[in-house]
Every structure is written in C-alpha cells, then in structure tokens.
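S.K.: The residues making up each chain are set out below.
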Amino acid sequence: DTEVTQTPKHLVMGMTNKKSLKCEQHMGHRAMYWYKQKAKKPPELMFVYSYEKLSINESVPSRFSPECPNSSLLNLHLHALQPEDSALYLCASSKLTVSDKELFFGEGSRLTVL
Amino acid sequence: LAKTTQPISMDSYEGQEVNITCSHNNIATNDYITWYQQFPSQGPRFIIQGYKTKVTNEVASLFIPADRKSSTLSLPRVSLSDTAVYYCLVGDKENRDDKIIFGKGTRLHILP
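Protein sequences appear in the order of chains A and B. FYI, the numbering used here numbers position 18 of the first sequence as 18, with every residue one higher than the one before it. FYI, the numbering used here numbers position 92 of the second sequence as 92, with every residue one higher than the one before it.
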C-alpha cells in the first residue's frame with residue numbers, strides 16, 4: 001500500500017464552523033506533513049510531525065490546529081477560518097531517514113470558506 | 001536552505017525530449033536534488049532524486065554537473081499527459097527533520 005488517503009475530498013464551511021481534515025497512511029512512515037496550496041502557486045509547508053511529535057510549525061495561524069493521534073493518522077482541525085484560507089490542503093508522508101526523503105502525497109482536500 | 005530558480009513555463013511538442021533546468025547556486029555539500037511532478041488538483045508526485053552526475057529511472061533522467069550549481073530534468077519523448085508543473089527541490093540529506101520547501105516550479109505544456 002503506497003497510498004496517502006485524505007478525507008474529505010471537498011469541504012465547504014462557514015467562518016464560524018469547526019471542521020477537520022483527515023489523513024491516513026499505512027506505509028510505516030514516521031514523518032507526516034500538511035501543505036496548503038493556492039491556485040497556480042506551489043505547495044506551502046504548514047506543519048511537520050516526526051515520530052508523532054510536532055517538529056515544524058511554519059508560523060501557521062492558530063485557527064489551524066494539527067493533531068497526530070498515532071503514526072498512521074494526521075488531522076488538521078479548522079476553526080474560525082477566513083475566506084482567504086480557501087485552498088487545496090495536501091497531506092504527505094515520508095520515511096524520515098537520511099537516505100530517503102521522498103514525499104508521498106495524498107490527493108488533497110479542497111476547502112472553501114464562505 | 002538553497003534557493004532554486006526554474007523557468008516559469010515551457011512549451012514543447014509530443015514526441016520531443018524536454019529538458020528543464022534548475023539553478024541552485026548556493027547548494028550545500030550535504031544537499032540532494034529532487035524533482036516532483038504535479039497535475040491540477042492532485043498532490044505532487046516524486047519523479048527522481050540525485051546527488052551528483054547522472055541518475056536515470058523509468059520516467060526521467062537527472063543530470064547534475066560537477067559543481068552541482070544546477071541540474072537538468074530530462075523527459076524523453078513527451079506526450080500530452082506530461083503536461084504538468086515540475087518542481088525542483090534542494091534539501092539537506094543529513095537533516096532528519098527536513099523542511100521540504102517547494103519553489104515556484106515550471107509549468108510544462110505539451111502541444112500535439
């Protein structure tokens with residue numbers, strides 16, 4: 001199984017809603033990532049988890065709250081978002097070894113904030 | 001982190017070989033070079049990775065000169081389905097907690 005599965009594929013939410021994006025991988029990878037991608041822009045790193053601990057937070061606003069319940073799961077909790085937060089949210093995983101840095105990406109969750 | 005510079009866009013025709021060059025003048029000794037491909041509304045997909053000289057796989061070749069200040073991704077005999085954005089990344093092979101940062105990428109458009 002070389003897949004990273006993200007749910008939901010599409011999400012529409014109001015600015016007062018609370019929702020979550022989910023990501024799952026069963027490749028035994030010990031690093032998991034959240035990226036945000038706006039149209040015609042490159043993916044922008046948000047968070048990195050290494051061995052289920054948050055290792056990198058790229059100064060992301062607190063209305064985005066990541067969670068890594070176990071080595072296979074990664075969540076992104078969303079609360080009080082703004083319309084400019086509408087984007088494609090990509091989850092990725094990697095082996096976290098010095099010899100192999102390949103990222104495996106999911107298909108993404110398309111978020112629209114009204 | 002080494003900064004990368006790629007052409008913003010390129011056009012080519014089906015059946016041609018396409019070479020996309022990435023400049024990374026301040027690449028460090030431990031840095032490796034990776035290329036990803038991304039189709040619209042999908043996550044990026046790993047294509048190839050190398051440290052020096054030439055690497056080839058079933059999809060592409062990666063040429064890295066001795067000074068490693070640039071690299072060239074070569075796609076043999078492209079088809080319409082190779083239309084995508086191609087990203088060149090440079091990262092520290094020795095850093096376990098690597099910030100994997102994407103540059104602006106090259107938008108490749110294959111014409112019939």
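Because the hints were derived from the structure by calculation, they are not lab data. The model shown is predicted, which means the values in this text are computed figures rather than measured ones. The reader is advised that the hints may include incorrect statements.
Derived EDC-like pairs: lysine to aspartate or glutamate, alpha-carbon spacing no greater than 20 Å straight-line [claimed, not checked]:
#1 54/B to 52/A
#2 3/B to 52/A
#3 95/A to 31/B
#4 99/B to 84/A
#5 41/A to 11/B
Computed spacing ranges between beta-carbons, pair by pair [what the hints assert, rightly or not]:
#6 63/A to 56/B: 14 to 24 Å
#7 41/A to 17/B: 46 to 56 Å
#8 62/A to 14/B: 12 to 22 Å
#9 54/A to 83/B: 28 to 38 Å
#10 83/B to 44/A: 18 to 28 Å
Note that CB positions come from ideal geometry on N, CA and C, so glycine has one too.
S.K.: Look at each hint and say if it fits the structure.
M.R.: To see whether the hints hold, each was checked on the structure:
Distance restraint check for residue 54/B and residue 52/A: the Cα-Cα separation of roughly 36 Å exceeds the 20 Å cut-off, and the hinted pair is therefore not satisfied. A distance of roughly 29 Å separates the Cα atoms of residue 3/B and residue 52/A; the hinted pair therefore is violated under the 20 Å criterion. Under the criterion of a C-alpha separation no larger than 20 Å, the hint pairing residue 95/A with residue 31/B is consistent with the structure, at around 18 Å. Annotation: proposed proximity of residue 99/B to residue 84/A is violated, straight-line Cα distance about 24 Å (limit 20 Å).
Of the supplied pair hints, the one linking residue 41/A and residue 11/B holds, its CA atoms being roughly 19 Å apart against a limit of 20 Å. Restraint check, residue 63/A to residue 56/B: a C-beta distance of roughly 45 Å breaks the suggested window 14 to 24 Å. The given range of 46 to 56 Å is broken by residue 41/A and residue 17/B, whose C-beta atoms sit roughly 28 Å from each other. About 49 Å separates the C-beta atoms of residue 62/A and residue 14/B, a value inconsistent with the hinted range of 12 to 22 Å.
Our hint of 28 to 38 Å for residue 54/A and residue 83/B holds, since their Cβ atoms are close to 37 Å apart. Taken as a hint, the range 18 to 28 Å holds for the pair residue 83/B and residue 44/A, whose Cβ atoms sit roughly 23 Å apart.
Hint compliance for this structure: hints 1, 2, 4, 6, 7, 8 are broken, all remaining hints hold.
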